[in-house]
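K.L.:
Each chain, written out:
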Amino acid sequence: MRSVIDTLDLTVEEIQSLIDTAEDIAHNPQNYAEKCKGKKLATLFFEPSTRTRLSFEAAMLELGGSVIGFSDAGSSSASKGESVADTVKVISCYADVIAMRHPREGAPLVAAHNASIPVINAGDGGHCHPTQTLADLLTIHREKGRLDNLTVGFCGDLKYGRTVHSLIAALSRYTGIKLVLISPEELRVPGYVTKGVINEAGMPYRETESLEDAMPELDVLYMTRIQRERFSDIDEYERLKDSYILTLEKLASAKSDLIVLHPLPRVNEISVKVDDDPRACYFKQVMNGKLMRMALILKLLGAVDEPDSHPIPDGALINEICCHNPACITKVEQELDQVFKPVAPGVYRCIYCESKAKI
Amino acid sequence: MRSVIDTLDLTVEEIQSLIDTAEDIAHNPQNYAEKCKGKKLATLFFEPSTRTRLSFEAAMLELGGSVIGFSDAGSSSASKGESVADTVKVISCYADVIAMRHPREGAPLVAAHNASIPVINAGDGGHCHPTQTLADLLTIHREKGRLDNLTVGFCGDLKYGRTVHSLIAALSRYTGIKLVLISPEELRVPGYVTKGVINEAGMPYRETESLEDAMPELDVLYMTRIQRERFSDIDEYERLKDSYILTLEKLASAKSDLIVLHPLPRVNEISVKVDDDPRACYFKQVMNGKLMRMALILKLLGAVDEPDSHPIPDGALINEICCHNPACITKVEQELDQVFKPVAPGVYRCIYCESKAKI
Amino acid sequence: MRSVIDTLDLTVEEIQSLIDTAEDIAHNPQNYAEKCKGKKLATLFFEPSTRTRLSFEAAMLELGGSVIGFSDAGSSSASKGESVADTVKVISCYADVIAMRHPREGAPLVAAHNASIPVINAGDGGHCHPTQTLADLLTIHREKGRLDNLTVGFCGDLKYGRTVHSLIAALSRYTGIKLVLISPEELRVPGYVTKGVINEAGMPYRETESLEDAMPELDVLYMTRIQRERFSDIDEYERLKDSYILTLEKLASAKSDLIVLHPLPRVNEISVKVDDDPRACYFKQVMNGKLMRMALILKLLGAVDEPDSHPIPDGALINEICCHNPACITKVEQELDQVFKPVAPGVYRCIYCESKAKI
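Protein chains in written order, with this note's numbering: chain A, 136 to 494; chain B, 136 to 494; chain C, 136 to 494.
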């Protein structure tokens, strides 16, 4: 039984296979309309995320299956203090596959370890959101015809943007990717991404504060929102905010085959007037997210005999050190072992939230 | 692609066709049980309304379709500041038809302008609630056999009652309708309805404070609730409230074929003892609401090639004046044009909330 | 038309028939996959209970039916002051069977009296929760092969535990049942259960404060949680709490074919390490709960012509005395008669909440 907690749980070949399935679904939806007849998806949303939840639900319904679940923790047994492990053992009696959204980092991994049905991470705090990244990859593939040899700009909040880090990691497995990282000084990509992912993969990149400067060379522009709360200096926020808003004027210098992505919801970081430009692909991303969720549900329901993809790794430290990340699921889950995996000589990371151990 | 925002979006002929379909569904439900197989209704309820939501959901399920959605704004992306326009562009990727409830007046029209699927207004603030009016019309038609030549009493809060104004407008297109408007002085039908709708259509009407006085002549009695909050003078409320409660005693002087309607929920404005009287039709209204929603969903899904029924009208003023209604969707929706339509020489109304322009 | 408000609404023979159906569903699910095609279950949850709601929903979906409803009162019309009676009259237009959870004792009986479709009580305050008891009975039957000649221990909060009282009452109709009631002094089974149910049925029982002492003789151990709030003396709570936590150590002296039940959610009253012991049956209970709900839905939908099982009893006092239970539905429901049934000479109980009349 396979679960998908992180995009990197899937090999490049498996991602290509999902893309192929998604494209076939797009062209021949009628061939898939009964594929999951009699199967049930449980959408366990411990925090609200309408877009993601409805995307999963639409995906399952278009496969002929049905849906049960909840849309926020207030109407779940979690409010009675039930552990994630118990919740998914119960849900395993009711459904065939789980999509879980949880504010605690690592909660879906706890779920995968305890459920007897596949678990898909639908977002765990600031940690992972693999089906968003799969939507991004399918959109690039459908629009550009490839996932390699692309200059990809990321713009906005690159420090806290979970979708940004996740897509960079996913792209690091392809060749010929150049990155342009466009952000204010305060919101640059963190060192563990530039050093641990980008340099590790040998991807060329440059950083800039100017979207206009970067625009002409980009094949893909991934926009994100800059939130006022992220700035220690409000004057700095006021000075900068307009320069990271995408307008038709800024798009004027872009390539004619640029594609603009955004994980949504958008507030005002892309002018509504851009929506009608053929380069705006963020609503296509929504459709592609549904298609990739359909492909992933099909894959996992068809592979129930495969071994668990998330065993405790060899050489793990069990209950020797404690995770210090206050958002980690280990802080609240009853009787959960503290498990750290070796990632480099002398370096360990929590298997749930991937925080580095402080030894 | 057609959307229904207001009852008057439908011609008298179209309403008759919906009534015919609804009556056929009532008699031959099995003929409709697979009509919407593979289709999805999205119920986007930005404020709770269980009855209306479940009526739409039951309607879609009885047509063989399925349902996704949310039941209040707290579990929607709106809490993250997403615009109505973006929300429905996203939902257009997930569903085939939208039923939208929104506290902001005009929100469903914004939805109709941006969705690529039909939108049904399931109530927008104090503005419109067309499927309630369709339920009222079907009930009158099924019980009385006609929609003309009727004396119709409206009782209770006629000032703020959205369903009252809407049914009066709908009835104004039929011949031989006489109105009896029964309310306390403070809650009389507003001038824009008496002058703009009733007199315009040449409908005879009289106003009275006494339900007992009006009772004997009525063919239809439409009850509504009087809320204490509506009164500036609480003594006045206490003095009046019992006189607008329908009891078996007050019904004694009514015609034997009177029908009593109420949009529900009722609190205490109709005694529970009236429920068993054959003239009580308010629970039949509930069933009829479901049937009309079935008919309307069928109509809209079958008419996706028809042109948009809500274009910007000729002669509209765009961004020249601002809507002053604090409940209008234009107050909050990002980058939404202010659009006013001419309704009479020198008179303009906001296309979203229909407030008159102050020029 | 039959409704199930209390487990005792079902005869021993009917319960055996439900058990037989549930076991057949477990072995031949495909035979039931279309049994409720075109039927709708309404889950009316006036307070959240995810496990119970999802169990009902999964049950209906596995029978080929569909589901509408709400998961808490905030998104229901109850927040607008609508009565239970009106709500279920409306829902009777939308669905074929109701599962109702309500914080008010007796609300499901009010529903059964007013709905034109069957009502299943999914828990009404501290009063009844019959489908939990049906799950318990099926689990005992499947695991032990019988419902008689068993020594059954109940451990924890036996004073307030609704599931405990209900299962004791259900077991009192079988022969050869011995009870061991394990609790702190403050949380002993109340007198109306020991006198009114246990002694009445002639069941042998003993009370003890020690789980370890009771363990060796038990065939069934029913665990419940002890809540700190139940203790007037916190020191007493601290002194006692660990002795009512089930651990592998305490299990060491148990029979090898003991079965451990728990209504869930568990917080910490059973160590997670016990979960892997073959005697731990609380997650099997979850599966069995779904199976019994399937059997019950099938039974009620197949018996719509049977007479109402909850008529006003002969000799009832109507509006002569008032119920004094502050949690009773009669305290809030509009125009609801106060009805007391005779249960012994000179003794009356409220038909809604079963509180004894104070005359």
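It should be emphasised that the hints constitute simulated quantities derived from the structure, not laboratory data.
Take these hints with a grain of salt, some might be off.
Claimed, not checked - Lysine-lysine pairs mimicking DSBU-like chemistry, simulated, CA-CA at most 35 Å apart:
id: 1; chain 1: C; residue 1: 466; chain 2: B; residue 2: 385
id: 2; chain 1: C; residue 1: 330; chain 2: C; residue 2: 390
id: 3; chain 1: C; residue 1: 170; chain 2: B; residue 2: 174
id: 4; chain 1: A; residue 1: 174; chain 2: B; residue 2: 294
id: 5; chain 1: A; residue 1: 434; chain 2: B; residue 2: 224
id: 6; chain 1: C; residue 1: 170; chain 2: A; residue 2: 170
id: 7; chain 1: A; residue 1: 419; chain 2: B; residue 2: 466
id: 8; chain 1: C; residue 1: 172; chain 2: B; residue 2: 294
id: 9; chain 1: A; residue 1: 385; chain 2: A; residue 2: 434
id: 10; chain 1: C; residue 1: 466; chain 2: B; residue 2: 170
id: 11; chain 1: C; residue 1: 385; chain 2: C; residue 2: 170
id: 12; chain 1: A; residue 1: 294; chain 2: A; residue 2: 330
id: 13; chain 1: C; residue 1: 491; chain 2: C; residue 2: 313
id: 14; chain 1: C; residue 1: 390; chain 2: A; residue 2: 224
K.L.:
Which hint numbers does the structure go against, in order from smallest to largest?
P.N.:
4, 8, 9, 10, 11
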